[in-house]
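Enquirer: Going down the list, the protein sequences come from chains P and H.
If you count by the numbering used here, then the first sequence holds residues 1 to 228, one letter each, in order.
If you count by the numbering used here, then the second sequence holds residues 1 to 228, one letter each, in order.
Watch out, some of these pointers could steer you wrong.
Computed footprint of chain P on chain H; a stretch qualifies when at least three of its residues, placed anywhere within it, have a C-beta under 8 Å from a C-beta of chain P [stated by the list, open to error]: (1) 115 to 123; (2) 140 to 146; (3) 164 to 171; (4) 183 to 195; (5) 215 to 223.
Derived list of chain P stretches under chain H, where covered just means 3 residues or more per stretch with a C-beta under 8 Å from a C-beta of chain H [said to hold, decoys possible]: (6) 166 to 175; (7) 200 to 214.
These are computed hints drawn from the structure, not numbers from a lab.
What you are looking at is a predicted structure, and each value in this text was computed from that prediction instead of being measured.
Think of the CB as a built atom: it goes at the ideal place given N, C-alpha and C, for glycine as much as any other residue.
There are 2 protein chains.
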Amino acid sequence: MGASVGRVLQGNGHEVLWASEGRSAATHERAQAFRDASSIRELVREVDVVFSVCPPHAALDVARAVQGFDGIYVDGNAISPMRAREVAALHPRFVDGGIVGGPPDEPGTTLYLSGAEAATIAALCSGSNLEPRVIVDASAVKMVYAAWSKGTAAMLLAIREVAQRLGVEEEWRLATPELAEPLARAERASATKGWRWIGEMEEIAETFAAVGQPAGFHRAAAEVYRAS
Amino acid sequence: MGASVGRVLQGNGHEVLWASEGRSAATHERAQAFRDASSIRELVREVDVVFSVCPPHAALDVARAVQGFDGIYVDGNAISPMRAREVAALHPRFVDGGIVGGPPDEPGTTLYLSGAEAATIAALCSGSNLEPRVIVDASAVKMVYAAWSKGTAAMLLAIREVAQRLGVEEEWRLATPELAEPLARAERASATKGWRWIGEMEEIAETFAAVGQPAGFHRAAAEVYRAS
Numbered sequence: 001m002g003a004s005v006g007r008v009l010q011g012n013g014h015e016v017l018w019a020s021e022g023r024s025a026a027t028h029e030r031a032q033a034f035r036d037a038s039s040i041r042e043l044v045r046e047v048d049v050v051f052s053v054c055p056p057h058a059a060l061d062v063a064r065a066v067q068g069f070d071g072i073y074v075d076g077n078a079i080s081p082m083r084a085r086e087v088a089a090l091h092p093r094f095v096d097g098g099i100v101g102g103p104p105d106e107p108g109t110t111l112y113l114s115g116a117e118a119a120t121i122a123a124l125c126s127g128s129n130l131e132p133r134v135i136v137d138a139s140a141v142k143m144v145y146a147a148w149s150k151g152t153a154a155m156l157l158a159i160r161e162v163a164q165r166l167g168v169e170e171e172w173r174l175a176t177p178e179l180a181e182p183l184a185r186a187e188r189a190s191a192t193k194g195w196r197w198i199g200e201m202e203e204i205a206e207t208f209a210a211v212g213q214p215a216g217f218h219r220a221a222a223e224v225y226r227a228s
Numbered sequence: 001m002g003a004s005v006g007r008v009l010q011g012n013g014h015e016v017l018w019a020s021e022g023r024s025a026a027t028h029e030r031a032q033a034f035r036d037a038s039s040i041r042e043l044v045r046e047v048d049v050v051f052s053v054c055p056p057h058a059a060l061d062v063a064r065a066v067q068g069f070d071g072i073y074v075d076g077n078a079i080s081p082m083r084a085r086e087v088a089a090l091h092p093r094f095v096d097g098g099i100v101g102g103p104p105d106e107p108g109t110t111l112y113l114s115g116a117e118a119a120t121i122a123a124l125c126s127g128s129n130l131e132p133r134v135i136v137d138a139s140a141v142k143m144v145y146a147a148w149s150k151g152t153a154a155m156l157l158a159i160r161e162v163a164q165r166l167g168v169e170e171e172w173r174l175a176t177p178e179l180a181e182p183l184a185r186a187e188r189a190s191a192t193k194g195w196r197w198i199g200e201m202e203e204i205a206e207t208f209a210a211v212g213q214p215a216g217f218h219r220a221a222a223e224v225y226r227a228s
């Protein structure tokens with residue numbers, strides 16, 4: 001997702017930097033279109049904006065790694081509104097972001113943005129495949145959006161597992177032909193991306209609990225993705 | 001559901017009895033087409049088959065109330081396979097049932113049946129709106145079937161609540177137009193039938209736990225229906 005967002009910004013005429021220090025060969029491969037600032041320390045000296053796009057469990061660590069940066073810090077991660085406030089506390093010029101949709105190599109992805117400088121960030125990608133949308137609480141929208149898509153996929157995987165273990169999988173599939181396609185999709189997605197959704201499900205669970213709604217749906221979903 | 005099942009059996013030429021003792025005016029109204037045996041004690045003396053169709057939390061109490069009955073006892077309730085075994089222990093001629101679909105006043109409802117005398121029960125409603133289907137584990141199929149329909153409805157209600165409390169309900173609805181119709185359906189259903197689903201969600205949670213899958217989805221769903 002991060003590399004694809006970088007390409008969008010580059011395509012809009014902005015220079016995109018990355019820091020190769022300590023990163024894998026796969027990341028090198030993905031980042032080859034961008035200028036290598038070598039270290040994060042070096043990178044933050046040169047850029048006006050930092051985009052954090054990473055698995056949610058790493059969001060706070062990434063924010064800490066660039067603490068002291070005085071440009072705009074955009075957290076584009078699937079984190080709870082509470083976690084977003086923790087990140088905001090580290091970066092005075094904080095913009096909360098939430099990406100809904102696949103990597104913006106194609107149209108159909110929205111970048112929700114909130115905060116005093118949200119419009120500045122929106123302008124960076126306007127007219128691109130990453131459609132900016134300035135709203136009141138980007139993290140909240142991301143949480144309730146992903147709560148359904150990834151929460152129901154996990155529930156479906158768990159149901160299939162229960163049906164299998166009780167010896168009624170075939171009968172269940174016969175009774176629910178409308179679930180064949182979503183189940184196949186959930187199986188494919190969890191096999192490749194499930195590990196990244198564990199943290200996201202936990203962020204959603206905490207978001208639910210914070211407003212007095214049951215956290216159990218998404219704690220269970222995290223368990224399913226942990227097992228996948 | 002019970003009255004509708006009674007009408008199906010009646011329509012197939014069988015005599016249907018009920019016991020009015022201690023029952024509400026609303027139940028009287030629903031049961032008016034059936035012969036009143038007055039008490040349960042009287043009823044079990046006269047009938048060959050007892051059908052239990054009640055909210056799941058009452059299934060065991062109903063089974064206990066007719067203990068000693070020597071005909072076929074059909075439990076048609078949304079109970080876990082473990083609970084079904086508890087009921088089976090009370091009735092030697094036990095047939096496990098699971099109803100999938102609405103009240104069989106119209107076609108499209110399936111009565112799953114399991115057990116040594118399942119075929120006898122299937123014959124009672126063959127050719128009716130209540131389509132019998134003899135399988136290996138009726139309760140298991142009912143559990144995994146309802147896990148999805150009522151589990152996702154509860155999740156959707158919880159998400160709407162979270163979106164509302166975080167002030168992003170409108171934005172969430174804009175981002176998920178495909179959920180408008182299922183949400184409206186979930187709202188209508190939970191307002192009228194939610195209380196009956198609390199026990200069903202708990203039976204499903206126990207079924208999941210029994211085979212090592214997360215119980216949290218349906219414990220959370222029970223919480224949602226408890227609050228509805």
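Enquirer: State for each hint whether it applies.
Expert: Going through the hints against the structure:
1. 115 to 123: violated (count 0)
2. 140 to 146: Holds, because 5 residues of the segment 140 to 146 of chain H bring their Cβ atoms closer than 8 Å to Cβ atoms of chain P.
3. 164 to 171: holds (count 5)
4. 183 to 195: The restraint on the segment 183 to 195 of chain H is violated, since only 0 of its residues have a Cβ under 8 Å from chain P and three are required.
5. 215 to 223: holds (count 7)
6. 166 to 175: holds (count 6)
7. 200 to 214: Contact hint for the segment 200 to 214 of chain P vs chain H: holds, 6 residues under 8 Å.
The structure is inconsistent with the numbered hints 1, 4, although it conforms to all the rest.
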